[in-house]
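Protein chains in written order, with the working numbering: chain A, 1 to 176; chain B, 1001 to 1404; chain C, 2001 to 2314.
Quick caveat, the hints were computed from the structure, so don't treat them as lab data.
Every residue gets a Cβ at the ideal spot worked out from N, C-alpha and C, and that includes glycine.
A hint or two may mislead.
[To be verified] The following residues of chain A were derived to be distant from chain B, with all beta-carbon distances above 12 Å:
hint	residue
1	13
2	15
3	20
4	51
5	87
6	88
7	95
8	96
9	119
10	153
11	169
[Unchecked claim] Dumping the calculated PhoX-like pairs for lysine-lysine here, alpha-carbon to alpha-carbon at most 20 Å:
hint	chain 1	residue 1	chain 2	residue 2
12	B	1245	C	2311
13	B	1035	C	2004
14	B	1292	A	122
15	B	1351	C	2004
16	C	2311	B	1035
17	B	1292	C	2218
18	B	1241	C	2311
19	A	65	B	1292
20	B	1035	C	2307
21	C	2218	A	61
22	C	2223	A	61
23	C	2307	B	1245
24	B	1292	C	2223
25	C	2311	B	1235
26	C	2004	B	1245
27	A	61	B	1292
28	A	81	A	92
29	B	1402	B	1120
30	C	2307	B	1241
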Amino acid sequence: MQDSSRRGFMGKAFGAVAAVGALGSLVAMKSSWDPLPSVKEAGFTTLDMSIYEEGVMVTEKWRGKPIFVLKKSASTMEKEKGNAAAEARNIKVGDSNFMVAIGLCTHLGCIPAFRADSNDFKCACHGGEFTASGLVQKVPPPRGFDIPPFKIEGNKLVLGEVGPEFKKMKDTGITL
Amino acid sequence: MAHFTKATSVKDWLNQRLAVDKVEKVMASEYWIPKNINFLWAMGMVLLITFSLLLCSGIFLLMYYVPTVEGAFYSVNYTIMREVGFGWLWRHIHGVAASVVFLIMYIHMFTGIYYGSYKKGREMIWLSGMLLFIAFSTEAFSGYMLPWGQMSYWAGMVITNLFAGGSLHADGLVEWIRGDYVPAQAFLGRFFMLHVVLVPVAILGLIGLHFAALRIPHVNNQDGEEIDFEAESKKYLAGDKAGSKVMRFANDFLSKDMMVVGIYLLFFFYLVFYNYGFAMDPVNFDPADGLKTPAHIYPEWYFLWSYEILRPFPIDTGLVLFGLAQGIFVALPFLDRSPNAVPASRRGLFKIWFWAMLCNMILLTSMGKLPPEGIFSQIGLVSAILFVVLWVLLPIITTFEKKL
Amino acid sequence: MKNKEPLILAIVVIFTLVTYYLVEPYAHHVMHKHVESQDFKYTDLPAITKIGNATNGKELVANAGCTGCHSISKEGIAAPMDAVASAGAYGVNPPDLSEMGAILDANFLASLIKNPAHALKVEHKFDAAKGQMHPMISFYGMGGDIDQEIADMVSYLQSIAVSPSEVTPAMAFENACGRCHAVGYEKWTQIGTKPAFKHEKDSLAFDIKVLEYQDSLKVYMGKLPPDLSMYIRSRSQEYIETFVENPQNHLAGTAMPRVGVTADSMDKIIEYMLDSGDTKRHERESVGMKVMIYLLVFAIFAFLWKKQVWKDLH
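Based on the sequences and whatever the hints tell you, model everything.
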């Protein structure tokens, strides 16, 4: 009697040891699917902000994603005056104001196209629209364009590094 | 220890070691099939043949396919399509079969739903079948990534983004799945592995399970009749072939299977040679470009209905309903509360439910491809809501169904 | 018992066809704008009214300065600069004129000589009023009747070119499309077919020349025109034809000019693109026929076998 319960216990104990091994191998498998260090390291881009022209949307690249850079004209700034949501998204480098954002629709990640005549963005996939500041103008996108982590260094913008201006935006929930 | 005697023939030699006679009886000549079934019961064999075509053509494609972001498009469109002898044929067979296999699966599924073939001991057949459907969906999606054209890239982008879970914003999970911030080499490599090793192995195992699940409850029939297989098979073996309600799988039913297969292959190869466009989207003949979204992004036709359930809603609601739509068919045997395992034509409200569901899914499928504008958005929204409503109604109407 | 199988088959077929119709022809009809072809008649351009004289035309071409930019290799007139330098100067290499008389429509050619930006439909890019000049200078006449002069020049270009029936697919493509579009699968680059080099150094030197050419082209066109290797499959034949006939119809504001090919030349261009992107189409058709015949036999034998086996079952 005692013998058979002991055998039952050993069976369970063996099962537990085997389960530990299986779990351990899962850790290895999980990390094999992680992005490689070289992929992560390639994640910084420096932009010279003095070269952009007002009202001309330029697409840069950061971590394989398109980055929209739009230098705002005085008239756009005037129009946005009082619109706190739009103003909070401004990135001021030197005397100029920029919209810098990840150029992917926050719905499902397509690249919206800039429409110069109406000064806004339209996504071809599901019809979402964004303003020149990157705010949602028409659903389905759940929120405005995400802003990439950035740090202002003189006339330059380093994407991928977190500066105080970005930290503030993140803390106040302007971007994720 | 088993006792072996000197073999009198090759067959005897094999019989002593592998019991081939016994196996042949179990698998073919004494595997009893009801006689009152129609050609829809041959869809299993049609699927098996289609899967064999996929496996065979896939093996030849694998020899020249290069799973790198630089080389994939060229290896498919130049090496395989222009250089490899009959490479174009393997590719067209593979592409068309990947699409047609879903058409046959849907016919197979709706046959099961119509005749109640997921009830009274046949639940495991349904469940293993649904697992096969999920495995084939994974196989189709991972395979679609491999030519690394525009649709591969952007479908990969959109579908992996679903794992961010909307407001949960689980970007880490998405990046983990991709192995990069965007679909790139790591992404292509792992989907290549899934497509040629892991998922096919799973499919082979599941096909075994699906067949095994069929053994004990036997095949259903078109009249919902409960057949005493033991008695009927005795009658058959005693010589009353015409009077028995059952027949052998081989060669009796197999000959009918092959007749259906013959007609199916005519249809299939007509598509391969003369009408392959529906299975090989033109957009995917443009090489992948991460900085240029195609004007219209849509999945292959067999995913459209569930895509359309995602599309008309705000992201979180859409994702929840999309997740529900993926899983809900699995639960069919438990949501159908009626004790009647008979054709839908004899089940009152369920008959209406069946045709409404079928038509609604076709409507969802077509709206899923059309641009989400104007009237199409509204029809899509109504169909998506109807889909949910139909599933909510199912347990209610079947609970009140009269026992036949 | 009544045989229900024909009814079931009809239901399966009808539902399948309805789904197919909605997902394929109908959805594509909604998604893609339909543009009617004008059969490459270029009716918006005036027709040539004068009868041209090739001998006069030859003199006019020599004196009007055409050969300051264009080569006419058939007549032994070489280009003043190589392709890369020409692209550097003009944005794109000006074409050799040897076969243009056969490839381009005569009325188009006449309008092109008179007002390139108008004939090419790129006036949105080259607006003379804003000082944006097209690199090809308009012909203002040599003192005589300008329409007669242009008719003579067109007639000269037609006289040196091969007859329209002798235009080959490669000739049509290379002259009409090949200075902007590469076709990698046919080894075609914007500066010509890439030869098989013995030394890697020479091969790389050729590639550098192509890249330099492409840099100029990028500036000229706004972006690098795409490689057309697989275009016959990524765009339909109908789309390519109506697009070439008038690019603005499909893509308003595109930098791609109307090239003014004749309907015959368009067929040749399509053939070239089919050779690149659908190389095995003839094999597909012949094998397809054989396989279909075999499968018919297969189905008949399967049917006869079934009939024999089932004789005892009823």
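Practice problem: Taking the numbered hints from earlier one at a time, note which ones the structure violates and give those numbers from smallest to largest. | Solution: Violated: none.
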